[in-house]
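Protein chains in written order, with the numbering used here: chain C, 1 to 404; chain Z, 405 to 591.
Hints were generated in silico from the structure; no laboratory data involved. C-beta: ideal position from N, C-alpha, C; glycine also. Treat the hints with caution; some may be incorrect.
[As the list claims (entries may be wrong)] Result set (DSBU-like, lysine-lysine): computed pairs, CA atoms no more than 35 angstroms apart in a straight line: (1) Z:K470 with C:K56; (2) Z:K427 with C:K56; (3) C:K64 with Z:K519; (4) Z:K422 with C:K289; (5) Z:K470 with C:K64; (6) C:K297 with C:K236; (7) C:K159 with Z:K470; (8) C:K367 with Z:K555; (9) C:K367 with Z:K497.
[What the hints assert, rightly or not] The following residues of chain Z were derived to be distant from chain C, with all beta-carbon distances above 10 angstroms: (10) I477; (11) R504; (12) A556.
One-letter residues, chain by chain:
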Amino acid sequence: MIKVLAAAVLLAFTAAQAQDKPAAAPPPSWKQGMTPEQAESTLHPFLIEVTGKAAKDLPVDKLKVPAGFKVQVWAEGLPGARSLALGDKGTVFVGTRQLKEVYAVIDHGDRREVKTLLKGLESPNGIVFNKGALYIAEHHRITRYDGIESRLDNPPDAKIVVDGLDPDNQPGHFWKFLAMGPDGKLYFNIGAPGNIVMPSYMQASIMRVDPKTGVIETVALGVRNSVGFDFNPRTKELWFTNHGRDWMGDHLPNDTLHRVSHKGMNFGYPFCHQGDTPDPQYGKYHSCKEFDPPVLKLGPHVAPIGMRFYTGKMFPAEYQNNIFIALRGSWNRTVKHGYNVMRVVLDDRGKVTKYEPFLTGFLVDEKADPPMWGRPNDVMVMRDGSMLVSDDQNGIIYRISYAK
Amino acid sequence: MAAAALALASAVSAADPKEGEAKAAVCFTCHGQGGNSTNPAVPSIAGQPAQFISTSLYMFREGNRKDSQMSPIAANLSNTEMNDLAAYFSAQKPAPSAHRASADNARAGPDLAQKFNCTQCHGARMLGQQHIPRLAGQQFEYLRAQLRGFKAGTRIDLDGKMSESAQVLSDKDIEILVDYLAGLGVQ
Numbered sequence: 001m002i003k004v005l006a007a008a009v010l011l012a013f014t015a016a017q018a019q020d021k022p023a024a025a026p027p028p029s030w031k032q033g034m035t036p037e038q039a040e041s042t043l044h045p046f047l048i049e050v051t052g053k054a055a056k057d058l059p060v061d062k063l064k065v066p067a068g069f070k071v072q073v074w075a076e077g078l079p080g081a082r083s084l085a086l087g088d089k090g091t092v093f094v095g096t097r098q099l100k101e102v103y104a105v106i107d108h109g110d111r112r113e114v115k116t117l118l119k120g121l122e123s124p125n126g127i128v129f130n131k132g133a134l135y136i137a138e139h140h141r142i143t144r145y146d147g148i149e150s151r152l153d154n155p156p157d158a159k160i161v162v163d164g165l166d167p168d169n170q171p172g173h174f175w176k177f178l179a180m181g182p183d184g185k186l187y188f189n190i191g192a193p194g195n196i197v198m199p200s201y202m203q204a205s206i207m208r209v210d211p212k213t214g215v216i217e218t219v220a221l222g223v224r225n226s227v228g229f230d231f232n233p234r235t236k237e238l239w240f241t242n243h244g245r246d247w248m249g250d251h252l253p254n255d256t257l258h259r260v261s262h263k264g265m266n267f268g269y270p271f272c273h274q275g276d277t278p279d280p281q282y283g284k285y286h287s288c289k290e291f292d293p294p295v296l297k298l299g300p301h302v303a304p305i306g307m308r309f310y311t312g313k314m315f316p317a318e319y320q321n322n323i324f325i326a327l328r329g330s331w332n333r334t335v336k337h338g339y340n341v342m343r344v345v346l347d348d349r350g351k352v353t354k355y356e357p358f359l360t361g362f363l364v365d366e367k368a369d370p371p372m373w374g375r376p377n378d379v380m381v382m383r384d385g386s387m388l389v390s391d392d393q394n395g396i397i398y399r400i401s402y403a404k
Numbered sequence: 405m406a407a408a409a410l411a412l413a414s415a416v417s418a419a420d421p422k423e424g425e426a427k428a429a430v431c432f433t434c435h436g437q438g439g440n441s442t443n444p445a446v447p448s449i450a451g452q453p454a455q456f457i458s459t460s461l462y463m464f465r466e467g468n469r470k471d472s473q474m475s476p477i478a479a480n481l482s483n484t485e486m487n488d489l490a491a492y493f494s495a496q497k498p499a500p501s502a503h504r505a506s507a508d509n510a511r512a513g514p515d516l517a518q519k520f521n522c523t524q525c526h527g528a529r530m531l532g533q534q535h536i537p538r539l540a541g542q543q544f545e546y547l548r549a550q551l552r553g554f555k556a557g558t559r560i561d562l563d564g565k566m567s568e569s570a571q572v573l574s575d576k577d578i579e580i581l582v583d584y585l586a587g588l589g590v591q
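The following block holds chain C by itself, in its conformation from the complex:
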């Protein structure tokens, strides 16, 4: 047996020696799914500025919003600022993904005070404020901090809502978005374990947990990676954004906007993308007809993150119940696009009638590396009807307001 093995090793060694170039190594997870033709691609994901960047060092005067609107820097010095939540007393809570902090921003009118509220968490990306408590979704668990707004300098210990959500701690889309549903349950995602791979039980899903009992349920399947959702204020239905796979070229597949009209829907991953495009590898196992299509194609590789329905009173009437979506990409595209906050207009039946840019100016050069100076990540409507936009590349929060 040992001799046979030795011979095999020798044979493999000789074969390798005979080749002009060494055989390709197994790719790191983010390159998984590349075609052989893409082997020499120089596309790569971007990393946030982990120490943050000052607005003074950035071309913030290049940001543009429609006539009548105004965009300003609202707070800075929040490295990695992503998901936003609003407290009863007006505190803005801010989650991070690549860092370990949760921030609290206190608005003193003429200035903002930034506190690092919590440290040492595992990708605290999901963040919800509800009935005085702050809920945080980390990689592996969802926790609750009671009475948080009166304890900003002395936060209480975390209470576990659900734990053990990431048992393997492997690379994959396992950071979580978090939203409180009209049913009093916390909605969160468990993404796909790689770019294009067969998910296992509970992966590539949107789940919900009852914060009182910890009981979890599957809400939707076939969702590669959703890190933004909200509930339609008219119908109470869950809507969410989803990231399509990489390495299918510049034009496919689109990232998508979805509507969940009933429990148990399946949106196709890894078999079918954007409702109509079979996966080159997995498409032969299922037909696209078996799956629920998206409401809207948002553009290839644009990386939609936060989305919210606009329910404020400040913007003009035609903005009521529009959806705002922050696009944090693209990177997996030779010609970059996105990096905008988009506006989606729906008719009375929930059909999309318009999809257009709302906040632009982060993208500088579609062929440069990097192509942008900032990346919108989440959007949140404030009580006065203005809108905050987080930029995790720089650790800045912008405010968009409207005046006639």
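Could you slot chain Z onto chain C? The hints should help.
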């Protein structure tokens, strides 16, 4: 309407290479004048991408990277100080490498760098970009210690990409790559 920015925001000072220069003297002791190291175990930081320098300092402060000399130095640095140091060192001119790769390793290096996905992020000439360091002309022993550390899981990076990439490297691959990289031109 164009943005009317700034007025509302609490002040965060802009990255300032002059401020960085004033703070950099302590760095010269090991990293060399202007960040050009002459110690094979200590990396050159002159002309490295600014984001790589600030990210490295951040990782030392937060404990993602550990080093008996760097960790205590970074422990007391604010984000603004890190950005100032990054602005200063990224603007310094890197000195040419004194290292000469063996003829065999210089020949084998480029194919290995392609095979092991190095070029995709570090670039065809290994000059680095954004948070990704320039490897060309970097100190030999430092490079070897990093690759061995990534493979062993003792050198952690923020996003796991280097840890993943280094798992498949053999000791021999590391020797060839490091010799090749240390001998490359810095510009």
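Numbers of unmet hints, in rising order: Hint check: 3, 4 and 5 fail, others pass.
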